[in-house]
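Using the sequences and the hints, build the whole thing.
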Amino acid sequence: GDFILKIEPPLGWSFEPTTVELHVDGVSDICTKGGDINFVFTGFSVNGKVLSKGQPLGPAGVQVSLRNTGTEAKIQSTVTQPGGKFAFFKVLPGDYEILATHPTWALKEASTTVRVTNSKANAASPLIVAGYNVSGSPMKGVKFLLFSSLVTKEDVLGCNVSPVPGFQPQDESLVYLCYTVSREDGSFSFYSLPSGGYTVIPFYRGERITFDVAPSRLDFTVEHDSLKIEVRLFCLLEGQVFEFPSLGTGIANVLKKKSNILSGRAVGKNSSCWNEWSSLCRFSVCGQISIIRFPDTVKQMNKYKVVLSSQDKDKSLVTVETDAHGSFCFKAKPGTYKVRVMVPEAETRAGLTLKPQTFPLTVTDRPVMDVAFVQFLASVSGKVSCLDTCGDLLVTLQSLSRQGEKRSLQLSGKVNAMTFTFDNVLPGKYKISIMHEDWCWKNKSLEVEVLEDDVSAVEFRQTGYMLRCSLSHAITLEFYQDGNGRENVGIYNLSKGVNRFCLSKPGVYKVTPRSCHRFEQAFYTYDTSSPSILTLTAIRHHVLGTVTTDKMMDVTVTIKSSIDSEPALVLGPLKSVQELRREQQLAEIEARRQEREKNGKEEGEERMTKPPVQEMVDELQGPFSYDFSYWARSGEKITVTPSSKELLFYPPSMEAVVSGESCPGKLIEIHGKAGLFLEGQIHPELEGVEIVISEKGASSPLITVFTDDKGAYSVGPLHSDLEYTVTSQKEGYVLTAVEGTIGDFKAYALAGVSFEIKAEDDQPLPGVLLSLSGGLFRSNLLTQDNGILTFSNL
Numbered sequence: 001g002d003f004i005l006k007i008e009p010p011l012g013w014s015f016e017p018t019t020v021e022l023h024v025d026g027v028s029d030i031c032t033k034g035g036d037i038n039f040v041f042t043g044f045s046v047n048g049k050v051l052s053k054g055q056p057l058g059p060a061g062v063q064v065s066l067r068n069t070g071t072e073a074k075i076q077s078t079v080t081q082p083g084g085k086f087a088f089f090k091v092l093p094g095d096y097e098i099l100a101t102h103p104t105w106a107l108k109e110a111s112t113t114v115r116v117t118n119s120k121a122n123a124a125s126p127l128i129v130a131g132y133n134v135s136g137s138p139m140k141g142v143k144f145l146l147f148s149s150l151v152t153k154e155d156v157l158g159c160n161v162s163p164v165p166g167f168q169p170q171d172e173s174l175v176y177l178c179y180t181v182s183r184e185d186g187s188f189s190f191y192s193l194p195s196g197g198y199t200v201i202p203f204y205r206g207e208r209i210t211f212d213v214a215p216s217r218l219d220f221t222v223e224h225d226s227l228k229i230e231v232r233l234f235c236l237l238e239g240q241v242f243e244f245p246s247l248g249t250g251i252a253n254v255l256k257k258k259s260n261i262l263s264g265r266a267v268g269k270n271s272s273c274w275n276e277w278s279s280l281c282r283f284s285v286c287g288q289i290s291i292i293r294f295p296d297t298v299k300q301m302n303k304y305k306v307v308l309s310s311q312d313k314d315k316s317l318v319t320v321e322t323d324a325h326g327s328f329c330f331k332a333k334p335g336t337y338k339v340r341v342m343v344p345e346a347e348t349r350a351g352l353t354l355k356p357q358t359f360p361l362t363v364t365d366r367p368v369m370d371v372a373f374v375q376f377l378a379s380v381s382g383k384v385s386c387l388d389t390c391g392d393l394l395v396t397l398q399s400l401s402r403q404g405e406k407r408s409l410q411l412s413g414k415v416n417a418m419t420f421t422f423d424n425v426l427p428g429k430y431k432i433s434i435m436h437e438d439w440c441w442k443n444k445s446l447e448v449e450v451l452e453d454d455v456s457a458v459e460f461r462q463t464g465y466m467l468r469c470s471l472s473h474a475i476t477l478e479f480y481q482d483g484n485g486r487e488n489v490g491i492y493n494l495s496k497g498v499n500r501f502c503l504s505k506p507g508v509y510k511v512t513p514r515s516c517h518r519f520e521q522a523f524y525t526y527d528t529s530s531p532s533i534l535t536l537t538a539i540r541h542h543v544l545g546t547v548t549t550d551k552m553m554d555v556t557v558t559i560k561s562s563i564d565s566e567p568a569l570v571l572g573p574l575k576s577v578q579e580l581r582r583e584q585q586l587a588e589i590e591a592r593r594q595e596r597e598k599n600g601k602e603e604g605e606e607r608m609t610k611p612p613v614q615e616m617v618d619e620l621q622g623p624f625s626y627d628f629s630y631w632a633r634s635g636e637k638i639t640v641t642p643s644s645k646e647l648l649f650y651p652p653s654m655e656a657v658v659s660g661e662s663c664p665g666k667l668i669e670i671h672g673k674a675g676l677f678l679e680g681q682i683h684p685e686l687e688g689v690e691i692v693i694s695e696k697g698a699s700s701p702l703i704t705v706f707t708d709d710k711g712a713y714s715v716g717p718l719h720s721d722l723e724y725t726v727t728s729q730k731e732g733y734v735l736t737a738v739e740g741t742i743g744d745f746k747a748y749a750l751a752g753v754s755f756e757i758k759a760e761d762d763q764p765l766p767g768v769l770l771s772l773s774g775g776l777f778r779s780n781l782l783t784q785d786n787g788i789l790t791f792s793n794l
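The numbers in UniProt numbering rise by one with no breaks, and the one at position 349 of the sequence shown is 349.
In short, the hints are calculated from the structure, not lab data. A quick note: this is a predicted structure, and the numbers were derived from the prediction, not measured. We put the beta carbon where it would ideally sit given N, CA and C, even for glycine. Please note that the accuracy of each hint is not assured.
Stated by the list, open to error - When the alpha-carbon atoms are kept at most 30 Å apart in a straight line, the in silico DSBU-like pairs for lysine-lysine are as follows:
(1) LYS444 with LYS510
(2) LYS120 with LYS140
(3) LYS383 with LYS551
(4) LYS383 with LYS505
(5) LYS560 with LYS598
(6) LYS746 with LYS758
(7) LYS730 with LYS645
(8) LYS108 with LYS120
Claimed, not checked - Simulated restraints on C-beta separations:
(9) MET654 with ASP550: 10 to 20 Å
(10) ASP29 with ALA698: 31 to 41 Å
(11) LYS303 with LEU150: 37 to 47 Å
(12) ASN47 with LEU150: 23 to 33 Å
(13) ILE589 with GLY688: 23 to 33 Å
(14) GLY752 with ASP550: 45 to 55 Å
(15) GLU579 with ALA698: 33 to 43 Å
(16) GLU223 with ASN47: 19 to 29 Å
Here it is, written out as structure tokens:
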């Protein structure tokens with residue numbers, strides 16, 4: 001066959017090869033030829049760590065080399081994994097050096113040693129990275145000051161520790177370490193920082209330029225790798241702004257002035273900034289935005305953009321922003337305009353709408369101060385119609401587009417109709433619902449959309465009274481309402497679980513379950529004035545069974561339950577379906593005969609002289625069916641055993657378990673067949689003869705009986721489709737079958753010889769072997785304790 005031979009060495013040991021594939025053919029394979037399979041030991045593993053200074057972990061990517069102590073030649077090289085771990089494999093016993101190198105990071109401990117003897121080895125000490133370079137690139141000549149609350153100056157390498165003139169620290173909790181200056185290309189770096197938390201603050205002070213920095217300070221953390229940080233700088237030119245006075249209203253002239261300004265804001269190193277004012281005769285156009293009710297997501301009055309456009313070209317001329325109170329103003333030349341408010345889409349979705357959408361206006365020779373935008377709020381109204389007194393009802397208005405926006409109105413009245421109104425409704429789509437779970441409604445909820453007008457004519461109409469029933473099984477329920485005539489309300493087929501349906505009239509109902517399940521009550525009552533969930537839990541389930549026979553016999557059925565508290569139930573003798581049908585026919589014939597007799601007496605004697613009508617009843621023919629049933633609990637196992645004096649049953653008994661949601665139905669079907677009876681007689685009459693009946697070819701007997709005082713026996717019922725053998729025996733007799741009969745025997749009495757063996761002192765002598773032979777008889781027996789031995793059946 002094919003095999004794999006695999007070596008499993010201790011942890012840290014290496015062998016070559018690790019597996020060998022074998023194909024054993026008995027001819028040319030290495031095993032058959034007596035060859036050797038060798039695994040060669042190649043060495044042990046060496047493990048170590050490169051750590052960040054003062055940290056339990058270290059960086060990935062540090063190159064680590066292994067060489068023999070006192071030599072320069074590298075034996076193996078590897079790089080550290082995340083966390084700083086490294087390993088060499090297949091290292092033979094000896095003394096070694098381990099060296100670490102990195103192109104940019106400074107190493108505090110760059111070498112260590114290891115001795116490999118007879119197992120895996122660990123480096124004598126960890127290798128240590130002193131720190132990591134941190135760099136960035138804003139612009140040249142900027143000082144970057146480094147602070148930390150944990151790291152000391154002595155641990156930082158390649159950084160100027162002198163104080164910086166003109167710098168005023170803002171945070172006294174930070175300890176100044178050192179600074180570095182950005183190079184010609186604008187980049188800067190800190191050569192070697194140990195792992196830890198730092199703050200860097202850029203600082204630049206020129207003759208006429210000061211730099212604003214974003215961010216003004218930067219916190220960062222060095223872990224186990226190099227780091228790049230990003231800052232941006234903006235220049236601020238120092239100077240002043242000239243301002244021109246107002247020219248007054250209604251003067252149609254234009255004054256243009258240009259002036260170099262010495263104050264402004266620009267990006268970059270070289271800034272050339274100037275500003276231009278242009279004034280002409282214009283009038284104020286002012287207005288107000290009024291918001292009565294803020295949507296839920298709008299917490300306060302925001303600053304809205306208001307756009308002034310020309311009336312004819314719809315071209316935006318100027319845009320202003322309202323103040324915190326919703327007020328706004330434009331400057332406009334004489335002409336026709338329109339004003340619109342730019343409501344953010346999020347607020348429009350939240351339901352904020354202003355009217356009008358656009359405000360038309362004309363500027364002539366004076367200011368316009370009455371531009372007004374008012375929030376549009378609608379009213380939603382309707383009515384509720386009830387079959388009887390409405391009582392207490394709740395109507396809710398819920399936004400479909402804005403979650404959580406929901407209002408309710410509590411209605412109450414001893415009338416059959418009521419009205420409701422919701423005021424100050426924001427535009428949008430809504431669902432209006434009537435809250436009365438125990439009533440049925442034509443529409444329990446309606447959807448409406450508020451656009452630009454009020455919404456009315458919303459109507460809720462009660463159609464009935466809700467009946468909720470919780471059913472353990474699917475059943476049929478009959479409903480009757482108490483009252484004159486016991487009115488049948490209806491029959492409903494209901495499924496398992498909670499069912500809901502409507503009763504059209506108020507009052508008390510009688511609820512009767514009809515099904516193959518039996519419930520805790522034969523019927524239940526339900527009152528619409530005090531509604532509750534009607535709970536029907538089935539406690540038993542109707543199991544059906546049938547015994548089918550080819551002859552009409554007395555049949556009894558015994559049902560044994562797996563529940564100890566349930567006694568065995570004996571049903572029968574049962575009547576067959578055919579017998580019951582015949583009894584019904586006879587009853588119907590008798591009823592018709594009595595009806596004819598009654599009519600004959602009423603119509604006179606002349607009718608009685610006619611011969612009576614003879615009605616025949618069909619003869620009963622098999623097969624015959626014996627039906628029976630049992631109310632079982634859920635999970636109950638029943639064992640059904642039929643019995644009859646002359647029938648055998650197939651199978652002799654059946655088990656069934658009641659489970660599931662549907663009707664159990666017919667779980668038991670047993671067939672009965674007429675059995676065979678074996679009878680016989682002993683000649684002469686001899687009581688107590690053992691009769692043994694066996695199936696033909698069977699090794700063990702089926703039935704054993706003894707003859708009665710008349711020497712007779714009877715056995716049955718037996719399976720009629722099998723063959724049987726009958727034997728007889730009785731101590732002291734020879735029994736032979738009577739020719740021409742099955743089961744009759746002749747009896748012949750036998751003789752016996754008794755021996756008594758004694759010693760010389762007349763004491764019984766046990767254990768003496770006696771051999772008696774004669775004719776075809778031969779027997780060898782030992783004497784008992786009393787020295788007596790009897791040979792019988794001679």
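Comparing the hints with the structure gives:
1. For the proposed pair LYS444 and LYS510, the alpha carbon gap of about 27 Å is at most 30 Å, so the pair holds.
2. A distance of roughly 53 Å separates the Cα atoms of LYS120 and LYS140; the hinted pair therefore is violated under the 30 Å criterion.
3. Proximity of LYS383 to LYS551 is assessed by CA-CA distance (about 76 Å); at most 30 Å being required, the pair is judged violated.
4. Proximity of LYS383 to LYS505 is assessed by CA-CA distance (about 21 Å); at most 30 Å being required, the pair is judged to hold.
5. Our distance criterion of 30 Å between C-alpha atoms is broken by LYS560 and LYS598, whose separation comes to about 51 Å.
6. Between LYS746 and LYS758, the direct Cα distance comes to roughly 40 Å. Violation of the 30 Å bound is thereby established for this hinted pair.
7. At most 30 Å may separate the alpha-carbon atoms for a hinted pair to count; LYS730 and LYS645 meet this at roughly 29 Å.
8. This hinted pair checks out: LYS108 and LYS120 have alpha carbons roughly 26 Å apart, not beyond 30 Å.
9. Range check, MET654 to ASP550: Cβ separation about 19 Å, and the 10 to 20 Å hint holds.
10. Judged by the Cβ atoms, the range 31 to 41 Å given for ASP29 and ALA698 is violated: they are separated by roughly 57 Å.
11. The given range of 37 to 47 Å is respected by LYS303 and LEU150, whose C-beta atoms sit roughly 45 Å from each other.
12. Remark: the range hint 23 to 33 Å for ASN47 to LEU150 is upheld by a beta-carbon distance near 30 Å.
13. Restraint check, ILE589 to GLY688: a C-beta distance of roughly 56 Å breaks the suggested window 23 to 33 Å.
14. Checked against the given bound of 45 to 55 Å, the beta carbons of GLY752 and ASP550, roughly 52 Å apart, stay inside it.
15. Between GLU579 and ALA698, the C-beta spacing of about 38 Å keeps the proposed range 33 to 43 Å intact.
16. GLU223 and ASN47 have their C-beta atoms about 22 Å apart, which keeps the hinted 19 to 29 Å range intact.
Consistency with the previously given hints fails for numbers 2, 3, 5, 6, 10, 13, ordered from lowest to highest.
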